[in-house]
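Asker: Top line first, the protein sequences correspond to chains A and B. Take the first sequence: its letter number 121 is residue 119 in the working numbering, and every next letter is one higher. With positions in the second sequence counted from 1, the corresponding number in the working numbering is that position plus 1.
Note that these hints are calculated values from the structure, not bench results. Built from N, CA and C at the ideal position, the CB exists for glycine as well. Keep in mind that the hints are not guaranteed to be accurate.
Claimed, not checked - Partial pick of chain B residues on the chain A-facing surface, computed with a CB cut under 8 Å: (1) F11; (2) A24; (3) M28; (4) I37; (5) P38; (6) G61; (7) S62; (8) I112; (9) P164.
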Amino acid sequence: MSKVLMKGNEAIGEAAIRAGCLNYFAYPITPQSEVAEYLSHRMPEVNGVFLQGESEVAVGYMIFGAAACGARVMTTSSSPGISLMSEALSYIACAQCPAVFVNIMRGGPGLGGILPSQGDYFQATKGGGHGDYRLLVLAPASVQEAVEMVMMAFPLAEKYRNPVMIMGDGLIGQMMEPVFFPDNLKTEQLNTDSWATSGMKTRGSNTRNLVKSLYLDPIQLNNHNLHLKAKYDRMKAEEIRFEPYNIESGYQVLIVSYGTMSRVCRTAIDNLKAEGLEVGMIRPQTLFPFPEAAIRDAASKESCQIVISIEMSMGQMVEDVERSVRGRKPVEWYGKCGGEVPTPEEIMEVVHSFVKSARKEQN
Amino acid sequence: MQSEVMFAGFGGQGILLSAKILAHAAMEQGYEVVWIPSYGPEMRGGTAYCMVVISDRPIGSPIIRNPAHLVAMNRPSLEKFAPVVKPQGVILINSSLISVGSGRSDVDEFIIPVNDMAIALGSVKSANIVALSAFVARSHMVDIHVLRECVKEEFSKKPKLLPLNMSAVDEGLKAAESKN
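Chain B with its partners taken away, still in its complex shape:
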C-alpha cells in the first residue's frame, strides 16, 4: 500500500520540517519513504510545498500527480492542490488563514484554525506541528506515538522549543479527536 500527502503553504511556515518529521516517523515504522521538496528560486513568503510518499514496498515514481491527502496552510495552496487530491483523502484546511472550503464533497475535509491554536499555545511558530499532529491523528498515515517521539527527537536539538512543540502535538491530537 502506498500513501502520499502534500504539505503546502508559504515559506517560513515550517512546511518542509513538518513533512520531514512525518517521513522520519514513517521510516521508524519500517516503511519506504520519499520526501520531495519543491525547490526553486523561492523567497521568504513565497510558496513552499513538500510531498511525502510512504509505502510498504520500494517507491517507484517520486512524482505524484494525485496525492492521497493534503495539508493546506494557506489559501493559494488549497486552491492549487485541493482539486488533485484522491477521493476519500483528508484535506486539512488551516481556517486561521483560509476562509473558504475545498469545494470537494468526496474527501474528508478537516477544518481547524491551526494558527490560532498555535498562538494560544504561545507561538504561531508551532502551527506546523499542530497541523502535522492533527493530520496524522485524522489520517492514521503513521502511528501518532511514533510521530510524538520523532517530534521530540527533532526538537531535542533546540530544547527551548521542545515544550511548545510537544504541546502542539497534544493540541493537534485533541482537535482531531473532537472533530469526529
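For reference, chain A alone in the conformation it holds in the complex:
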C-alpha cells in the first residue's frame, strides 16, 4: 500500500476510522485540534458521529455513555482537557467500559503552554482520576506508530474492557511524516452482549445489563477492586511493549526514553557511537504496563555503569526506572519541559557529563 504524507493529528483521526471507530466526541485544544477538524468532515463521510461537546467534562461522560452502549468510541485532547476528563476516566475504568483516549501533551501545569511536553506521565500511569484504576498507556514515537497504536488501542480496550490512553506530544501531533494504514490492524469488535447496555430488544435477551461504578457494600467493592487488579496484572503479563536500541553493544550508559524524546536520544546515541562511546536505550512503547524486567536486565549488563531517564518533564518516568533497576546501578534523570525539546547535541553533553561523574565516583 502506498504512503501518504500526513500530520500526526490527521493520521490519528484517519486511523480511528480505519479501525472501525464511528463515534468521536471532542473539544478543541492546541496542539490536538486538527484531529477534531479532520474528523468533523471525515466522520460524516463514513456515516459516523462527530460531536463537539460543550466542554471536556461533558465529552468525558459522552464517551462513558457511548462506551456503556458497546460502541467503539474515541476522544482526543491535550493535557488540561485530559485533566477535565479524568473524573470520567475513573468512572469508565470502574464500570469496565472500553474506550480510547488520546492525549497530545502540551506543557503544564495549569494552562501551561501549547508546545510539546511529556509532563502527563504521572497523570496517565498513576491515576489522574481517583481510586485504584489503571489505564493501558501507549506511547508512539512517530506518526506511523501513532497510526498503529490507535488501531491497536480499540481491540486492547475491548479485550480488557478498560480505557486505553495514547500519549503523544505536540510534535507527534503537529509534524508530518509518510504513513500507511495497515489493513491487518483492523479488528472485529468483540461481542458486547454480556455487559453492554445496548437494549434487551437489540440483543434479543431477557437479561438486563447494568453498567455502574457505585458499590456501597465494602466487601463487594473490595472484590470489585480485586477483579480490576487481576486485569491490570494480566496487562503486565501480556501487554508490555518496548523497543531496544543499540542494546547488543557493550554500552556504558543505558538511556530510558519514550516518544519524541527517544528519537532525539537515538540520534545522540548514533553520534556518540561515532565518537566511540556506546550507549544503549530501552524505549517503552507501553508506559503502563512498564517494561520493568527489560530495563532491569539491560541495566544489569556488566558494561553498564549508569542508567539515565531522559524525559520532557521534571523527572516522572525516572521513578519507574528506579523501581525497575532496584538499586543495581545508579539512576539519573535529565529533562526539560515547557516546550523546550532537548537537541541531540545537548543529550550528548549530558551523557558525557554523567559518564565523567560516574567515573569520579568509582575512583
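Use these hints to put chain B onto chain A, whose structure you have.
Answerer: Just chain B now, kept in the frame of chain A:
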C-alpha cells in the same frame, strides 16, 4: 545521508505549503521525511517557519539545531537562522524584502528577488513556489522533475492557480540556472 532545510518568513507567505510540497517530493523519491512546523499562538503577519528533514534511513531527532540549508523569505528570518546553517549549505535570500546579506562566507548565498519575480508572473502569492523551485534547483535536495509533479498535484485541487504556480516553478529554475 540526511539533509535539512528551514523555510522561514511571515505568516501568509506560504511557508508551510512550500515545505510540504518539498516533503511530498522527497517521499515520492523514497526518502524518509519529517515536516515540522513552528506552531504557537501565531497571527497573520507573525513569524512562520517550518523544517523539512529528508534521509535515506529512519529519521531520529526531529529537532535540528543546525539545518543544512535555509530559505529566508523575510529579514527577521534571515537574521535568526543564517548563523545556524551548516557550512556549504544554501541560503536563499528573498532580496525583494531583504536588503542585507547573510554575513556568512562559508555558505552558498543565493540572492534572488522572489517577490518581484512572482509579481511579474501575475501574483505575489506564487513567491513561495518561485523560492521553492529555485532552492531545489540550487541545492538538488530533491529531483526538480519530481518537485514539478508535486506542485502540479498540489494545485490540481485549485485549477485556477495551477498555471501561475507552474510558471513559478519554471521561473525559479531559470533563476537558479542563470546564477551559477
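Asker: Compare the structure with each hint and give your call.
Answerer: Right, here's what the structure says about each hint:
1. Given the 8 Å rule on beta carbons, the hint for F11 of chain B is violated: about 19 Å separates it from the nearest Cβ of chain A.
2. With a least beta-carbon distance of about 6 Å to chain A, the hint placing A24 of chain B at the interface is held under the 8 Å criterion.
3. The interface hint given for M28 of chain B is met, as the beta carbon of that residue sits about 5 Å from the closest beta carbon of chain A, less than 8 Å.
4. Here the hint on I37 of chain B is kept, as its CB sits about 5 Å from the closest CB of chain A, short of 8 Å.
5. The closest approach between the C-beta of P38 of chain B and any C-beta of chain A is roughly 6 Å, which is under the 8 Å cut-off, so the hint is satisfied.
6. At a threshold of 8 Å, the smallest CB-CB gap from G61 of chain B to chain A is about 3 Å, leaving the interface hint in force.
7. Interface restraint check for S62 of chain B: the shortest CB-CB distance to chain A comes to about 4 Å, inside 8 Å, so the restraint holds.
8. At a threshold of 8 Å, the smallest CB-CB gap from I112 of chain B to chain A is about 30 Å, leaving the interface hint violated.
9. Below 8 Å, beta-carbon pairs count as interface contacts, and P164 of chain B has none with chain A, the closest being about 24 Å; its hint is therefore violated.
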